[in-house]
Amino acid sequence: MIPKITLRQSRDFGEIINDAIVFIIQNWKGLLKAYAILCGFFIAGNILFSILLQFKVINTHKESLGGSGSYIRSPFGIEYFMVMIFGFLNVIASTLTVSSFVVIYNQKKGELPTVHEVWGYFKYYFWRVSGSMLLLFLMAIPTVIICVLPAAAMSLVSPVAAGFTGLICVMVPMCYFMTVLSLFFPIMIGENSSFGRTFGKCFKLIKKKWWSTFGVIFVIIILVYTVYLLFAIPSFIISGGTLTFLPYNVSSVVVIIYCICMSVVQIVNIVPVTGLMVAYYSYVEDKESIGLMERIMTPLTSDKDDDGEATKLKEEY
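For the record, in the sequence shown the residue sitting at position 167 is 167 according to the numbering used here, with numbers rising by one throughout.
Certain hints may be false.
The following label-pair restraints were derived from C-beta to C-beta distances [said to hold, decoys possible]:
(1) Phe195 to Ile85: 30 to 38 Å
(2) Lys33 to Ile141: 36 to 44 Å
(3) Glu191 to Met84: 27 to 35 Å
(4) Trp28 to Leu149: 26 to 34 Å
(5) Ala44 to His116: 16 to 24 Å
(6) Phe126 to Met174: 36 to 44 Å
(7) Gly77 to Ala140: 48 to 56 Å
(8) Gly40 to Phe231: 41 to 49 Å
(9) Leu135 to Gln9: 30 to 38 Å
(10) Gly200 to Val160: 36 to 44 Å
(11) Leu149 to Phe126: 35 to 43 Å
(12) Lys33 to Thr143: 45 to 53 Å
(13) Val160 to Gly110: 50 to 58 Å
When the alpha-carbon atoms are kept at most 20 Å apart in a straight line, the in silico SDA-like pairs for lysine to any residue are as follows [claimed, not checked]:
(14) Lys207 to Lys287
(15) Lys204 to Lys29
(16) Lys108 to Arg128
(17) Lys209 to Tyr121
(18) Lys207 to Val180
(19) Lys207 to Glu288
(20) Lys108 to Val180
(21) Lys201 to Ile221
(22) Lys33 to Val160
(23) Lys29 to Lys287
(24) Lys56 to Met84
(25) Lys109 to Trp28
(26) Lys123 to Thr226
(27) Lys201 to Asp286
Hint data in this document are derived by calculation from the structure and do not stem from the laboratory.
All C-beta atoms in this analysis are idealised placements derived from N, C-alpha and C, irrespective of residue type, glycine included.
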C-alpha cells in the first residue's frame with residue numbers, strides 16, 4: 001500500500017506531478033464529494049445556460065436560413081453572459097474547494113477532510129479569492145496593451161514583422177507572469193495572506209524554480225486537454241460534426257448531452273489545482289524547511305509527553 005503523501009517535503013519536477021496524481025488517487029472520494037457539493041450549483045447553472053445558448057444559436061441559424069429578411073437576433077444575449085459568469089464562478093469554486101481540501105489535509109497530518117471543514121475555508125476565502133481574480137485580470141489589461149505597442153509600431157513597417165513582434169512581446173511576458181502567479185492562490189489560502197503579500201511571495205518562491213513550475217503546468221495542461229478531448233471527440237462523432245459546423249441540423253438530445261458532458265468534465269480542474277498545491281508546499285519546504293522542523297520536533301514532543309506520563313504514574317504509585 002502506498003503511504004499517505006507528506007505535502008511538506010522537497011520535490012523535483014517529476015515528483016511534483018507524481019505526488020499530485022497519487023494524492024488524487026488516494027483521496028478521490030473525499031475530493032469528488034467536496035467538489036460535487038460545493039461546485040455542483042455552478043456546474044448545474046453552466047449546464048442550464050449552455051443548453052439555452054445552444055438552442056438559441058440553432059434558432060438563429062434557422063431564421064437566417066429562412067431568408068425572410070426579418071431581423072435576425074444575435075446569439076450573444078443573456079444566455080451567453082450567464083455561461084461566462086457561471087464558468088468564472090466555477091473556476092473560483094473549484095480552486096477554493098481543492099485548495100482548501102489540500103490545506104486541511106496538511107493540517108490534519110493526512111486525515112481526510114470533511115465537507116464541513118472545506119466549506120468553512122470556502123466561505124471564508126470566497127470573496128478574497130474572487131476579488132483577487134478580478135484585480136489580477138484588471139492588472140493584466142494594461143500589461144497586454146503595453147506589450148502590444150511594439151507590434152503596433154512594427155505594423156507601419158511590415159504586417160509580417162508586426163505579427164512576429166506581437167507574438168514574442170505578448171507570449172513571452174504572458175508565459176512568465178502566468179507561471180509566477182500560478183502559485184498565487186495556493187499561497188493566499190495556504191498562508192491566509194493578503195493580496196500584496198501573496199503577490200510578493202509568488203516571486204520569492206518561484207526564484208530558481210520557474211522552469212520546473214512551467215514544466216509542471218505544461219504537463220498538467222496536456223493531461224487536462226486530453227481528458228477534454230476524450231469527451232469532445234465522441235460528441236463530435238455522434239453528431240456527425242453538425243454540432244460544430246452545422247448546429248442548426250443537430251438534434252436537441254445531442255445538444256443536451258454535449259452541454260452536460262462539457263460542463264461535467266470541468267471536474268478535471270482538480271488536477272491542475274492539486275498539482276500547484278503540491279508544488280507550493282514543495283517550494284515552501286525548499287525555502288523554509290517547515291516540514292523538516294516539524295518532523296524533528298515531533299519525536300521530541302512525544303518523548304516529553306511520555307516522560308511526563310511516566311513521572312505522573314510514578315508519583316501515583
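Here's how the hints hold up against the structure:
1. Phe195 to Ile85: 30 to 38 Å: violated, 22 Å
2. Lys33 to Ile141: 36 to 44 Å: Hint holds: Cβ distance 38 Å, inside 36 to 44 Å.
3. Glu191 to Met84: 27 to 35 Å: holds, 31 Å
4. Trp28 to Leu149: 26 to 34 Å: violated, 47 Å
5. Ala44 to His116: 16 to 24 Å: holds, 21 Å
6. Phe126 to Met174: 36 to 44 Å: At 27 Å between Cβs, range violated.
7. Gly77 to Ala140: 48 to 56 Å: violated, 27 Å
8. Gly40 to Phe231: 41 to 49 Å: Given about 18 Å between the Cβ atoms, the range is violated.
9. Leu135 to Gln9: 30 to 38 Å: holds, 32 Å
10. Gly200 to Val160: 36 to 44 Å: holds, 40 Å
11. Leu149 to Phe126: 35 to 43 Å: holds, 37 Å
12. Lys33 to Thr143: 45 to 53 Å: For Thr143 against Lys33, whose Cβ atoms are near 39 Å apart, the range 45 to 53 Å is violated.
13. Val160 to Gly110: 50 to 58 Å: holds, 56 Å
14. Lys207 to Lys287: holds, 10 Å
15. Lys204 to Lys29: Answer violated: Lys204 to Lys29 is near 34 Å, above 20 Å.
16. Lys108 to Arg128: Roughly 24 Å between the alpha carbons, so the hint for Lys108 and Arg128 is violated.
17. Lys209 to Tyr121: With a Cα-Cα distance of about 28 Å, the restraint between Lys209 and Tyr121 is violated, given a limit of 20 Å.
18. Lys207 to Val180: holds, 9 Å
19. Lys207 to Glu288: The given pair, whose Cα atoms are some 14 Å apart, holds under the 20 Å limit.
20. Lys108 to Val180: Distance ~28 Å between Lys108 and Val180 Cα, so the pair is violated.
21. Lys201 to Ile221: Given pair Lys201, Ile221 is violated - Cα atoms ~24 Å apart, limit 20 Å.
22. Lys33 to Val160: Given pair Lys33, Val160 is violated - Cα atoms ~51 Å apart, limit 20 Å.
23. Lys29 to Lys287: Since the Cα atoms of Lys29 and Lys287 sit roughly 32 Å apart, the hinted pair is violated (cutoff 20 Å).
24. Lys56 to Met84: Roughly 16 Å separates the two Cα atoms, so the pair holds.
25. Lys109 to Trp28: holds, 17 Å
26. Lys123 to Thr226: violated, 32 Å
27. Lys201 to Asp286: Since the Cα atoms of Lys201 and Asp286 sit roughly 14 Å apart, the hinted pair holds (cutoff 20 Å).
Figure legend: structure checked against the earlier numbered hints; hints not met, in rising order: 1, 4, 6, 7, 8, 12, 15, 16, 17, 20, 21, 22, 23, 26.
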